[in-house]
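*Asks:* The primary structure of each chain is shown beneath.
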Amino acid sequence: MLGFVNILLGGIAYGFVLFLMAGGLSITLGLMGFANMAHAALAMVGGYTAALLIGKAGWPFLAAVVMAGLTAALTGAILERTLFRRLYQASELEQVLLTIGVVYAAIAAATYLVGPEQMAIAVPAWLDGNLRIGPVDLNRYRLFLIVTGLVLLVSLVGLIEHTTFGAKIRAAVFNRRMTASCGIDVDKLYALAFALGSALAGIGGALSVKLLGLDPNFPIKFLTELLIVVSVGGLGSLRGTFLAAMLFGIIDVVGKYLLPEIGAFIIYATALALLTVRPQGLVGRPR
Amino acid sequence: MIARIVIVAAAMFAACISARADDRPLKIGWLMSYTGPGAAAGAASDAAIEVFFKTFGKSVAGRKIEIIRRDTTGPAPDVARRLAQELIVGEKVDFLAGMDYTPNTMAVAPLSTSAKVPLLIVNSATSGILAKHPFAVRFGFTTTEMAQQLATYASKQQFKSVYTFVHEYEPGLDAEAMFIREFKAAGGAIAGSVRAPLKATDFSAYIQRIKDANPDAVFVFMAAGELPPIFLRQFKEAGLDPAKIIGIGDITDESSLPAAGDAALGVVTAFHYTQTHESVANSEFARTYKSIAPDRPLNFMPVVAYDVLKAIYQVVEAQKGELNPDRTMELLKQTKFESPRGPISIDPATRDIVQTVYFRKVEKRDGQIVNVEFASTPDVKDPGSAR
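These protein sequence lines are chains A and B, in that order. Be aware that the first sequence starts at 3, since it is given in my numbering, and climbs by one per residue. Be aware that the second sequence starts at 1355, since it is given in my numbering, and climbs by one per residue.
Since the hints were derived computationally from the structure, they do not count as laboratory data. The beta carbon of each residue, even a glycine, is placed where N, CA and C say it ideally should be. Be aware that one or more of the hints could be misleading.
What the hints assert, rightly or not - Ranges of calculated distance between the beta carbons of each label pair, as one might list FRET restraints: (1) B:E1727 <-> A:R142: 30 to 36 Å; (2) A:G131 <-> B:A1543: 29 to 35 Å; (3) B:D1680 <-> A:L274: 24 to 30 Å; (4) B:K1687 <-> A:G131: 49 to 55 Å; (5) A:G57 <-> B:S1645: 42 to 48 Å; (6) A:G57 <-> B:F1691: 37 to 43 Å; (7) B:K1687 <-> A:W128: 57 to 63 Å; (8) B:P1679 <-> A:L274: 48 to 54 Å; (9) B:F1728 <-> A:V149: 49 to 55 Å.
Said to hold, decoys possible - From chain B, some residues computed to sit far from chain A (all C-beta separations above 10 Å): (10) T1555; (11) I1584; (12) A1592; (13) A1597; (14) G1615.
Model the full assembly from the supplied sequences, consistent with the hints where possible.
*Replies:* So this is what it looks like as structure tokens:
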């Protein structure tokens, strides 16, 4: 029984890792409708920034994570201004081709600049080890991920659904020309939203390194999972992304625990079944 | 004008002369992954080539050594096969060498057989892949020989029950089957077995199963690379003692050991090479390697690559540069020298490596996390597959 509680907690923590990385994708792919395969590459930028700042420059952990978000935001903004912006009106296939090209360029760049080896990240003592509450051993770092994930979820939902900025983005996605004719600078708005999505990718990447590791193939390894989470959650819905991340985190870990022989396959089967029944995703509106 | 013609003619003449000196270079087709998940191995093997040139020079028996590198891009048998074909037909290579992943080796070996081009294998740890290919020689190791050694070790340690955890692919299944067979034969009990897909990055579910079974020890084999440190960290985070792990050396391979950090302390592994191995050959190799690639971790990969080049060097020298494939194979079967890993030779019957297997424990020395040898078994051969 206690083992099962631990497994459940492990699943929830894994779900939060998925949410931290997929949250930004939910904005660029889900909300803005841009088929952004390069999202995990921006997460890698964040991961390397944090790992190098902590390892080589001796930065404190939290400052390095914030800097990882800023660096990824800047990288995302530069890519958006120079490349992606031209393809907002293009077909999804063209967007996929361009962004997947960016992924391969990022893998080659990381191999060249940092080397192909696995990168370690050091966390401060207060995040290391276990916290014992009654009979349950809780890993401090996983708890930290859960708290950070919740804070991000609440602030993002607030930002998108309850501020003018969020209302403008939603309006621009719904009808770009109409929004522009209301005097809103859609171009600038998109750049900001993309930078926000990239910042989240960077933070998610930096926080996931301890659990998932980091090497130049990072963007390819997690792309499928992130796309599944965003599409099953429902395009354009942060709540949906969160629900899907929790669902897959828990299903993946519990499935591997109970049925290790087929455990790794279960999340794909679930995704297939869910998308067959609800093509618009858990929370999404039919398009 | 005339002066210019004279200069051009002189330059052409000089080019002819130098071309004559190189008219029969010794061509070695070098197949490794330089991109993709195994890129670290490719980069390490390049450093080994440099160490070799620095130690032995760039020519042997009057023939200039030319290494033609090709990138197999990871476990990609179709790519490896195409590249090997180009090397044999287009470049007319004298040797094929390198080879990291077993599937790549399986795709290249039939070509080496039909073209009679000796194939010197650096890694590819699956048992029994040489039998059908008389021109293939392996210098690495097999997971079965390590698993057999660890089963003996586990029973000597009086472990009653052991849980097995392996990566789900050929070398992993080989290792699991051999460990279970040998440990049961020695009177031990298997507390349970679980296999993880190569793609999995979260191991908490498997670790919880291990925790539920509460075994005396856990036998672990995972492909070297980015995943073992993640597994080791999650193992410790789950409140389990790393000292319970007995595994094949890939899991504490020196290139990923720093990423595991303290979570690896106490892990016992069996392997063919240890960075801290105490011998003159190893310290000389390590010194040259550090001078060439100061930032690159020194692990088994460059050592085996270096041994492969040394074996080629010896057989070319023995034939005074005039190579005959059958004679080359005869000589390769007699290979025997002191490698940085310890004494090695080739078993003439199987063309597989015969070497010392070391038992090592992960310790902290001068602030560095390293493997430290504490026991060894000499002259270990591949025991074949237990499946």
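*Asks:* Now tell me if each hint is right for this structure.
*Replies:* Evaluated hints:
1. B:E1727 <-> A:R142: 30 to 36 Å: Check passed, 35 Å falls within 30 to 36 Å.
2. A:G131 <-> B:A1543: 29 to 35 Å: At 32 Å between Cβs, range holds.
3. B:D1680 <-> A:L274: 24 to 30 Å: The hinted range 24 to 30 Å is violated for D1680 of chain B and L274 of chain A, with Cβ atoms some 55 Å apart.
4. B:K1687 <-> A:G131: 49 to 55 Å: Given a distance of about 54 Å, which is inside 49 to 55 Å, the answer is holds.
5. A:G57 <-> B:S1645: 42 to 48 Å: 24 Å, violated
6. A:G57 <-> B:F1691: 37 to 43 Å: Holds: the Cβ-Cβ distance is about 39 Å, inside 37 to 43 Å.
7. B:K1687 <-> A:W128: 57 to 63 Å: Given range 57 to 63 Å: holds, Cβ gap about 59 Å.
8. B:P1679 <-> A:L274: 48 to 54 Å: 52 Å, holds
9. B:F1728 <-> A:V149: 49 to 55 Å: Cβ of F1728 of chain B to Cβ of V149 of chain A: about 43 Å, so the range 49 to 55 Å is violated.
10. T1555: 5 Å, violated
11. I1584: 5 Å, violated
12. A1592: 8 Å, violated
13. A1597: 17 Å, holds
14. G1615: 6 Å, violated
Going down the numbered hints, you'll see the structure goes against 3, 5, 9, 10, 11, 12, 14, while the others check out.
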